[in-house]
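Undergrad: These are the residues of each chain, in order.
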Amino acid sequence: MSEDSQQTGEETGEGTGQEESLFEAPPIGEQERMVEAILFASAEPVSVKELNSRMPHGSDAAEALVHLKKRYEGRGVNLVKVGDAWAMRTAPDLSFLMQKETVETRKLSRAAIETLAIIAYHQPITRAEIEEIRGVSVSRGTVDQLLEMEWIRFGRRKMTPGRPVTFVVTQDFLDHFGLESARDLPGLKELRSAGLLDNRPPPSAMPALGEGDEDAEEESAEGQSELFED
Amino acid sequence: MSEDSQQTGEETGEGTGQEESLFEAPPIGEQERMVEAILFASAEPVSVKELNSRMPHGSDAAEALVHLKKRYEGRGVNLVKVGDAWAMRTAPDLSFLMQKETVETRKLSRAAIETLAIIAYHQPITRAEIEEIRGVSVSRGTVDQLLEMEWIRFGRRKMTPGRPVTFVVTQDFLDHFGLESARDLPGLKELRSAGLLDNRPPPSAMPALGEGDEDAEEESAEGQSELFED
Amino acid sequence: MGAYMAEDEFEESAEVISVAERLDAEALIVDVDGFEGPLDVLLTLGRTQKVDLTKISILELAQQYLAFVERAKSLRIELAADYLVMAAWLAFLKSRLLLPPDPEEEGPSGEELAAHLAFQLERLQAMRDVAARLMARDRLGRDFFARGIPESVERVKKVTYTATLLDLMQAYSRLRTRDEFRPYVMDRDAVFTLEHALERLRGLIGFAGKWTDISSYIPEGWDKDPARIRSATASTFAASLELVKEGRVELRQSETFAPIELRRKEEP
Chain A
1 MSEDSQQTGE ETGEGTGQEE SLFEAPPIGE QERMVEAILF ASAEPVSVKE LNSRMPHGSD
61 AAEALVHLKK RYEGRGVNLV KVGDAWAMRT APDLSFLMQK ETVETRKLSR AAIETLAIIA
121 YHQPITRAEI EEIRGVSVSR GTVDQLLEME WIRFGRRKMT PGRPVTFVVT QDFLDHFGLE
181 SARDLPGLKE LRSAGLLDNR PPPSAMPALG EGDEDAEEES AEGQSELFED
Chain B
231 MSEDSQQTGE ETGEGTGQEE SLFEAPPIGE QERMVEAILF ASAEPVSVKE LNSRMPHGSD
291 AAEALVHLKK RYEGRGVNLV KVGDAWAMRT APDLSFLMQK ETVETRKLSR AAIETLAIIA
351 YHQPITRAEI EEIRGVSVSR GTVDQLLEME WIRFGRRKMT PGRPVTFVVT QDFLDHFGLE
411 SARDLPGLKE LRSAGLLDNR PPPSAMPALG EGDEDAEEES AEGQSELFED
Chain C
461 MGAYMAEDEF EESAEVISVA ERLDAEALIV DVDGFEGPLD VLLTLGRTQK VDLTKISILE
521 LAQQYLAFVE RAKSLRIELA ADYLVMAAWL AFLKSRLLLP PDPEEEGPSG EELAAHLAFQ
581 LERLQAMRDV AARLMARDRL GRDFFARGIP ESVERVKKVT YTATLLDLMQ AYSRLRTRDE
641 FRPYVMDRDA VFTLEHALER LRGLIGFAGK WTDISSYIPE GWDKDPARIR SATASTFAAS
701 LELVKEGRVE LRQSETFAPI ELRRKEEP
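Going down the list, the sequences are from chains A, B and C. Quick note: the first sequence uses our numbering, first residue 1, plus one each step. Quick note: the second sequence uses our numbering, first residue 231, plus one each step. Quick note: the third sequence uses our numbering, first residue 461, plus one each step.
Source of the hints: derived by calculation from the structure; they are not laboratory data. All clues given are correct.
To list a few chain B residues with every Cβ distance to chain A over 12 Å, as calculated:
#1 T372
#2 E378
#3 R386
#4 T390
#5 S423
#6 N429
Below, in silico cross-link-like pairs of lysine-lysine (DSS-like), each with a Cα-Cα straight-line distance of 30 Å or less:
#7 K69/A x K81/A
#8 K100/A x K81/A
#9 K300/B x K81/A
#10 K419/B x K311/B
#11 K419/B x K300/B
#12 K100/A x K311/B
#13 K279/B x K100/A
#14 K299/B x K279/B
#15 K299/B x K69/A
#16 K189/A x K684/C
#17 K100/A x K299/B
#18 K618/C x K107/A
#19 K107/A x K617/C
#20 K299/B x K81/A
#21 K107/A x K189/A
#22 K279/B x K617/C
#23 K684/C x K158/A
#24 K69/A x K300/B
#25 K189/A x K158/A
#26 K100/A x K300/B
#27 K69/A x K311/B
#28 K705/C x K725/C
#29 K158/A x K725/C
So, partial list: chain C residues that the calculated Cβ filter (under 7 Å) puts toward chain A:
#30 F605
#31 E611
#32 V613
#33 E614
#34 V616
#35 K618
#36 V619
#37 Y621
#38 A623
#39 L625
#40 L628
Glycine is no exception: its CB is placed at the ideal position from the N, C-alpha and C atoms.
Let's have the full structure, built from the sequences with the hints guiding it.
TA: Structure, rendered in structure tokens:
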């Protein structure tokens, strides 16, 4: 190794050197350490010329860089060339580590929970069928959100004209809601006996002016905003 | 390694189901790369806890650190422990290569240096105790300067009359002086075995130097042992 | 401890001190501001004894200190109160050390006081020594260095959505309840189109190997209120006729008003 540096020493050393003979260039392994330390600590990329000027006389930064680059290949930090200078940089595939996530938990929107409920109770179900039950169109955003959460996924296509895709709930969904299977969801009768269905309007009220209608209005407004979200 | 991850595709782990692999810890080699990247990116020491919180679920930063420390042994940059955190630092033997002129080292007064050493070796220590050791009152400016440099901070209050505040040294202090912990302070053992770190209360007729000398009496050796005990 | 000397020795050395000490004291006084208090002065004076701090003669030191203070006074140099307090105390200590112990007297003996002073001096010296060692260590930014281009950690806010089983069931029941009370609303919701019915039947006839009442093909949600039942029944019936025409199903009715039944037509 030291023979190599002896050879290459001439070309790099020529500009600066009056003390050439006094000091022998450090072994290339040492030079590699030096380049490593300088690049690590420098606030800016460092050129080969500057490296040579800071390293002991007779050093060959260019050669040390070749070794160092190899050493950092595939590591969490890589040696990269920036213009005609060199710097150490985090490996691009690890850039996600330079982010600190803060997680905020929010309630699912009403549109999303309704869509989810319909899928859970009727799976496999097409978008048209969901819309049919909800009485309003289902925005892409809502479905995408549920897909992204991995609470629903695509099921088999329906054997009907257009072969529409269906949606089914996932294992994650079952895990989240503590269900063995979607069949374990309580039926309408059970919901009613559990008092979950008694939000019915009083019999005397005019249905058209009742809460059902309000609902529909509210929902369509919601539906719209969903559409503009994405 | 990187070829492998290419093969196994989107998720971090090979192996079983898609949902499961999301929560499978990356291979230890990958974890080592991650710790490397995070520590390289930070000028400040990073605690194991923080490393774990930034790495994928199930990672074991402590183990990755063991591997990484080995990898950087004898390199131009080393992995060093600072309190309960870790940092990458250039090897001290290469200091001659570094550009010191860019680093502003603030001149510390003799009083400040002495006060710092007394705090480091006697922590947690009250102002009165520092004064008892130095035989002179401690100026506000001295303590303020050390606080401002973040080399000392307030510790717990002493359970003595007046519940005086105590001072302890910080992680920055350890980092600056290349100490893994306060136990590694130079000469600590000798001082202790010579009884020079004992809290020997002055006989009652001794002159009081500085203010609150009264509560110096109560100080048991218990205070010291907290930080230095292994 | 060797903190003080025998009396006869002292008498002798006191003479010596007064000569050598005058010069030292003057040198001290010149930069009295440079001292970090009386203990610092005592340490400096102690060094003139040229012995290990553990073997220092406290009596001699007291003598030296008192000479220093006397000298300062004669030079009309104002000493801080701390220095004078120490002088008074050392004078007291000196008398304690020189006079035979008075059994009447309370408090610590002269030897105890001297021992503590020796301890204080030794401790202060030790602290100075380790302070110097500390400052001589390899130091961050001087001997070793941190990353020159640190990368900042970007804060990312991630939102996760959640819902409870109760939310889910309430949402579903809200939807179903609304359907139950849809009958009076004359809107297109009460119309089950022929297209819908055809779509539905086509999807289901694969399973209709046996004769099945076509009313069982009416979708859920259309079997509660009369208007919807009517619409769904009509369109399902029409759709089944369409499928008969296509040759895909067979229909039968045993008598008037009996259920109309449908069956998949077997492949020839």
